[in-house]
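Chemist: Residue-level listing of the chains:
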Amino acid sequence: MSPSTYTKPLPAISPENQPFWAGLRERRFQAPRCKNCGDFGWIPYVACRTCLSTDLEWVSLSGRATVYSYSIVHRGPGAFNDDVPYVLILAEMEERPRPMLVLAQLTDCPLPEVRIGLPVTVAYTDVDGEDVTLYSFIPDRDRDDETGH
Amino acid sequence: MSMGTTAAIVGVYTTQQGKRLGRTKLSLEIEAFKGALEDAGLPHSRVDGLSPLFAEPWSKTHMHWAEQLGGRPITYLGTGQGEGAVAKAAAAISAGSCQVAVLWVGHAGGGNSPGSKPRLDSAPRFPDFHWEIQGAYMTPLYALWAQRYMHEFGSSAEDLAQVAVIHRDHAVLNPESVMGPKGPITVEDVVSSRMIADPLHLLDCSIENDGGYAIVVASEAVARDCRRDPVWVLGGAEATATDVYATFDDPWFPEEGKAVRRCTDMAFEMAGVDRSEIDVANLYDCFTITMLRNLEEMGFCKLGEASDYVREGHTNLGGDMPCNTDGGLLSNSHNSNPSGMSVIEIVRQLRGDCGARQVPNAKIGVALGQGGSIHGLASTVILARD
Chain S
1 MSPSTYTKPL PAISPENQPF WAGLRERRFQ APRCKNCGDF GWIPYVACRT
51 CLSTDLEWVS LSGRATVYSY SIVHRGPGAF NDDVPYVLIL AEMEERPRPM
101 LVLAQLTDCP LPEVRIGLPV TVAYTDVDGE DVTLYSFIPD RDRDDETGH
Chain L
1 MSMGTTAAIV GVYTTQQGKR LGRTKLSLEI EAFKGALEDA GLPHSRVDGL
51 SPLFAEPWSK THMHWAEQLG GRPITYLGTG QGEGAVAKAA AAISAGSCQV
101 AVLWVGHAGG GNSPGSKPRL DSAPRFPDFH WEIQGAYMTP LYALWAQRYM
151 HEFGSSAEDL AQVAVIHRDH AVLNPESVMG PKGPITVEDV VSSRMIADPL
201 HLLDCSIEND GGYAIVVASE AVARDCRRDP VWVLGGAEAT ATDVYATFDD
251 PWFPEEGKAV RRCTDMAFEM AGVDRSEIDV ANLYDCFTIT MLRNLEEMGF
301 CKLGEASDYV REGHTNLGGD MPCNTDGGLL SNSHNSNPSG MSVIEIVRQL
351 RGDCGARQVP NAKIGVALGQ GGSIHGLAST VILARD
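As they're listed, the protein sequences go chains S and L.
Note that this note's numbering has the first sequence beginning at 1, numbered continuously upward.
Note that this note's numbering has the second sequence beginning at 1, numbered continuously upward.
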């Protein structure tokens, strides 16, 4: 493994969430689903927010989401300032019933096309020299055509 | 249940607030601590309750200050936002847990702004889903809230900007404010200031500075003998509904409200006061959007109507409920935990100490703290003079 050149914050992977991060390595975005009541939850918690059951399973999501809100960031903290302008979104995952809003960057999207309601899909980035894969979102061009935009 | 006259704020003090004061946290804390006790006319040996506003409920901080005060037993260990900490200290006093509680903050250096985050040689590790991994910080997080709010309710950048203009007007009348000396600003100044995180411009954001402050809460028996007239704690409560900027909600603007609504309703119920009776308010305005949402969640106007409410002039000095008369976090001071600054300004208004920014004959005031998440942790306190 080559030495890392990535200097932005990375996740300290907790034992509880290790399967999530391992899944990203394999291009799967998972969320915990309660085996007792069936509800999803994001971000992951050790017990279901609906029924407090700890009988949870990691389930691969479709990766399909919609932009719930966004901000085009013009001033970044630390090394992120090299990337401005970049786009932060709350991506609302397709799966229900409990809405899951994932905070992440939106990449590969021209700034004028960023909007609330934009269909997006999960993208994966292996961090050079680190044992971590990060998630972001990119426009879901197929679905954008489907909805007539 | 009204708290009535069981506990009062008897002393307040603010150190100089400024960009970088060249002071240490401890020096600001001890100045504030002694200043507030002197304002109350109480010796430090009377203190038996401690509520550092930066602390875990049980912490080394309480123990350090117990020793600093002479190594006597301290029998109330609190913390919280300024408003919630005042309410809890009042409740502790009413339960007989202590007689004189001090709440305080001292802040020197560092902060939440992007400029305060250093460039590093290697990647630091944060908890799994920390916002900083995504390149977020306070301004983009509140910008996400603002963007969705504007989308749902059709508000404009100018609607947000008017908040910054009003609070600066107030700061100009506050000789101790950080931004007052820079003079008034216009809506055009705000919307043409540098975009930080769309839709929030530089002047939509609170400032960031050093500074300290302290508040002394005492029982009625003690309060009657203090140097200044007591400012009674009529009611107060705190509420939290989510985690620290990790989980975000859909819907973000439910009609029934969330933590801010809950603690505000409770505070008004305890105080036995109607919203229409409030003479002066100081509501945590970390960003312009926060102020609009505060007014809605607290029930001073309807959901989605805060821009109109502000435009009608209610929150201006001279309006029927002047808000953030010190200039707020936008133009007075954001010293990392400025929640208690709002309490102090209400105390000063009720004492009639506010000079050019005095609300005439102010009798009842309300302060709101929020933060730790977007409206996810909140506290409200209602204060009144005799």
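The set of hints was computed from the structure by calculation and includes no laboratory data.
Fair warning: this is a prediction, and the values are worked out from it, not measured in the lab.
Check the hints yourself; a few may be wrong.
Unchecked claim - Which chain S residues face chain L? A few, computed with CB under 10 Å, are given here:
| hint | residue |
| --- | --- |
| 1 | LEU10 |
| 2 | ARG25 |
| 3 | CYS51 |
| 4 | GLY78 |
| 5 | ASP126 |
To be verified - Away from chain S, derived, C-beta distances all over 12 Å, residues of chain L:
| hint | residue |
| --- | --- |
| 6 | GLY96 |
| 7 | SER122 |
| 8 | MET150 |
Said to hold, decoys possible - Using C-beta positions, here's what the derived DEER-type ranges look like:
| hint | chain 1 | residue 1 | chain 2 | residue 2 | range |
| --- | --- | --- | --- | --- | --- |
| 9 | S | PRO85 | L | LEU120 | 39 to 45 Å |
| 10 | L | SER122 | S | LYS35 | 24 to 30 Å |
| 11 | L | ARG20 | S | GLY129 | 35 to 41 Å |
| 12 | L | ARG311 | S | ASP82 | 55 to 61 Å |
| 13 | S | SER14 | L | PRO175 | 29 to 35 Å |
| 14 | S | ASP108 | L | PRO175 | 28 to 34 Å |
| 15 | L | GLY96 | S | ARG49 | 36 to 42 Å |
Just so it is clear, CB atoms sit at the ideal spot from N, CA and C, and this is done for glycine as well.
Chemist: State for each hint whether it applies.
Modeler: Going down the list of hints, with the structure as the test:
1. LEU10: It holds, given that the least Cβ distance between LEU10 (chain S) and chain L is near 4 Å, below 10 Å.
2. ARG25: violated, 15 Å
3. CYS51: Check failed: Cβ of CYS51 (chain S) comes no nearer than 17 Å to chain L, outside 10 Å.
4. GLY78: Nearest chain L Cβ about 4 Å off; hint holds.
5. ASP126: violated, 14 Å
6. GLY96: At about 36 Å from chain S, GLY96 (chain L) clears the 12 Å cut-off, so the statement holds.
7. SER122: The assertion about SER122 (chain L) is violated, with a minimum of 6 Å to chain S.
8. MET150: MET150 (chain L) is in fact no farther than 12 Å from some Cβ atom of chain S, at 10 Å.
9. S:PRO85 <-> L:LEU120: 39 to 45 Å: violated, 22 Å
10. L:SER122 <-> S:LYS35: 24 to 30 Å: Hint violated: Cβ distance 39 Å, outside 24 to 30 Å.
11. L:ARG20 <-> S:GLY129: 35 to 41 Å: The hinted range 35 to 41 Å holds for ARG20 (chain L) and GLY129 (chain S), with Cβ atoms some 36 Å apart.
12. L:ARG311 <-> S:ASP82: 55 to 61 Å: With a Cβ separation near 40 Å, ARG311 (chain L) and ASP82 (chain S) fall outside 55 to 61 Å, so the hint is violated.
13. S:SER14 <-> L:PRO175: 29 to 35 Å: Check failed, 50 Å falls outside 29 to 35 Å.
14. S:ASP108 <-> L:PRO175: 28 to 34 Å: Roughly 52 Å apart at Cβ, these two residues miss the hinted range, so it is violated.
15. L:GLY96 <-> S:ARG49: 36 to 42 Å: Check passed, 38 Å falls within 36 to 42 Å.
In summary, the structure is inconsistent with hints 2, 3, 5, 7, 8, 9, 10, 12, 13 and 14 from the numbered list given earlier, while agreeing with the others.
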